[in-house]
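Visitor: Going line by line, the protein sequences match chains P and C. All you need for the working numbering is the position in the first sequence, starting with 1, plus 7. All you need for the working numbering is the position in the second sequence, starting with 1, plus 8.
These are computed hints drawn from the structure, not numbers from a lab. Some hints could be false.
Covered, in the sense of this in silico footprint (three residues per stretch, anywhere, with C-beta under 8 Å from a C-beta of chain P), are these stretches of chain C [to be verified]:
| no. | segment |
| --- | --- |
| 1 | 227-239 |
| 2 | 358-366 |
| 3 | 470-482 |
FRET-style restraints, in silico, Cβ to Cβ [claimed, not checked]:
| no. | chain 1 | residue 1 | chain 2 | residue 2 | range |
| --- | --- | --- | --- | --- | --- |
| 4 | P | V62 | C | E40 | 40 to 48 Å |
| 5 | C | Y279 | P | P88 | 25 to 33 Å |
| 6 | P | R36 | C | Y279 | 19 to 27 Å |
| 7 | C | R299 | P | S22 | 39 to 47 Å |
| 8 | P | I100 | C | K228 | 23 to 31 Å |
| 9 | P | V25 | C | G325 | 37 to 45 Å |
Bear in mind that the values here come from a model prediction, so they are computed numbers and not experimental data. Glycine included, every Cβ here is placed at the ideal spot set by N, Cα and C.
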Amino acid sequence: MRIKPEEVDYIAALSRLVLSDQEKNMYARHLSEILEHAERLSELDTDDVEPTAHVLPLKNVFRDDQVKPSLERDILLSNAPEVENGCFKVPRIVE
Amino acid sequence: MEVQTLIGLEVHAELATESKMFCSCSTEFGAEPNTHCCPICTGMPGVLPMPNKKAIEYAVKAGLALNCDISEFSKMDRKNYYYPDLPKAYQISQYDLPLCTGGYVDIETEDGPKRIRIRRVHMEEDAGKLLHEGWGNNSLVDYNRAGVPLIEIVTEPDMNSPAEAGAFLDKLKAILQYIEVSDCKMEEGSLRCDVNINARADDKSMATAITEMKNLNSFKAAVKAMEYEEKRHREALLEGDPTVHETRRWDDARSVTVAMRSKEEAHDYRYFPEPDLVPIALDKSYIKSIRENLPELPDQRYQRFISQYGLPQYDAGILTSSKYLADYFEQCMTIYDNAKTVSNWLMGDVLRALNENGKDPSDIPFPPAYLVDLIKYVDDGTISISIAKKVFDEMFANGTDPGAIIKEQGLVQISDEGELLGVIRQVIQENAPSVADYKAGKKKALGYLVGQAMKLTKGKANPQLLNKLLERELN
């Protein structure tokens with residue numbers, strides 16, 4: 008397998024996920040399969056191909072600098088686990 | 009061993025658009041928390057961001073003013089990290105194809121002019137604001153700022169002292185103000201600066217590991233933090249102490265930098281092209297029209313102030329360091345012709361009063377015409393220069409017209425010989441010992457007697473006339 012369980016650990020930590028050993032093994036297998044699948048592309052000769060960031064034939068889609076009404080705060084905060092003083096309340100993140 | 013300090017800066021400037029980078033929420037500062045938010049800037053599933061045309065224009069303008077090349081093809085990328093100030097868990101930024109590359113800013117140093125290279129200027133969105141104080145084991149999050157357009161200006165490590173970095177920051181702020189793309193209000197977080205600093209042996213045989221300092225919210229704090237780190241790095245290099253690449257926080261209250269926990273710097277941003285935004289391909293004519301419409305920049309205005317107004321280099325440098333100050337000066341010059349006198353007032357009392365009150369030149373509380381009036385009252389002898397300083401303090405405190413202050417407080421200078429002679433005789437009578445000292449050859453006693461006469465007239469005596477009459481009376 009290309010992806011080892013330790014690498015799954017690292018990726019999980021970046022995404023703040025806690026995984027069981029069983030899940031780690033499963034994701035290691037899944038991620039490896041995805042990479043192996045994508046690796047087939049390297050069979051093609053791409054020396055003369057510009058890197059592609061987007062496949063749509065679109066560019067420069069902009070809007071004018073105009074203010075429109077924002078959401079009602081009560082609606083915005085309705086999904087918040089905890090609210091205080093009109094703010095989202097989260098566990099303290101600095102010492 | 010000769011040691012060199014290397015400093016590179018990353019400066020974030022909020023662009024002065026009305027609405028956010030990818031949605032139509034207001035960017036206005038100081039609103040009630042979480043009232044300038046919508047599904048786009050708070051990262052709800054299924055929403056589609058759309059870039060603000062004005063923000064692109066401002067970023068191009070900044071790039072051109074900083075002598076950068078503007079990319080004809082540019083794209084936005086996702087920078088992924090988990091932090092509560094980032095509602096989407098990614099920031100839309102630019103990675104490998106920034107909008108502007110390869111510019112420079114010229115600064116003045118002790119050893120003459122120096123060019124600081126700009127590596128890149130890219131666009132991104134701001135994060136929300138975290139409130140840590142007073143909430144115990146919690147932090148509060150206000151997302152009003154999330155999605156406000158920013159440019160990030162990245163320099164090469166070309167600055168060799170905190171003073172040079174300070175000069176660069178001042179110059180950069182001036183340029184951004186001149187081109188009116190950012191209000192540059194540091195106290196509102198419109199301009200923030202990250203520092204990368206280390207020390208290296210001149211022969212490049214050894215170097216310390218780079219320290220990063222994030223989000224220094226005033227230039228003064230940035231320079232102090234750099235001075236502290238410069239010393240720490242130089243000592244480590246000279247002592248041969250091992251150093252590690254780390255992020256340190258500036259503790260303003262204690263004037264030290266503190267290493268942040270390594271947990272907070274597990275950075276692996278996993279950049280990838282933002283799938284919701286199509287590329288930006290600006291045509292040459294668009295870039296050309298922005299270039300042609302760039303206003304006069306600080307360096308050009310500096311040269312003009314010297315040639316047009318005959319100001320010394322020093323004066324021109326200080327006045328043009330702030331657009332507001334330079335504008336104020338030029339407004340004065342439309343109604344008055346002695347440039348040096350106006351310059352002296354602005355560089356002296358006006359800047360002193362602003363500094364003492366922690367204010368910017370944009371906060372001068374009275375119009376240029378009032379300053380010119382004050383100068384004219386001195387020119388025509390209505391008030392003495394020392395009274396003018398008092399009138400100035402009053403003008404600065406209340407924004408009042410100097411004519412009204414002079415009239416209300418009866419500050420008109422006493423230039424009437426008869427009135428002054430009366431005062432002088434009283435002083436001579438009441439200060440016999442000093443008069444005797446003066447007559448015995450102690451010329452210093454004259455100053456004391458002048459002071460007494462000033463005290464009696466509450467500072468209003470015409471000083472030249474007072475001196476002349478007093479000397480005459482004593483002899």
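Visitor: The structure should be examined with respect to each hint, and the outcome stated for every one.
Guide: Status of each hint after checking the structure:
{"no.": "1", "hint": "227-239", "in the structure": "violated (count 0)"}
{"no.": "2", "hint": "358-366", "in the structure": "violated (count 0)"}
{"no.": "3", "hint": "470-482", "in the structure": "violated (count 0)"}
{"no.": "4", "hint": "V62/P - E40/C: 40 to 48 Å", "in the structure": "42 Å, holds"}
{"no.": "5", "hint": "Y279/C - P88/P: 25 to 33 Å", "in the structure": "30 Å, holds"}
{"no.": "6", "hint": "R36/P - Y279/C: 19 to 27 Å", "in the structure": "26 Å, holds"}
{"no.": "7", "hint": "R299/C - S22/P: 39 to 47 Å", "in the structure": "43 Å, holds"}
{"no.": "8", "hint": "I100/P - K228/C: 23 to 31 Å", "in the structure": "27 Å, holds"}
{"no.": "9", "hint": "V25/P - G325/C: 37 to 45 Å", "in the structure": "58 Å, violated"}
Figure legend: structure checked against the earlier numbered hints; hints not met, in rising order: 1, 2, 3, 9.
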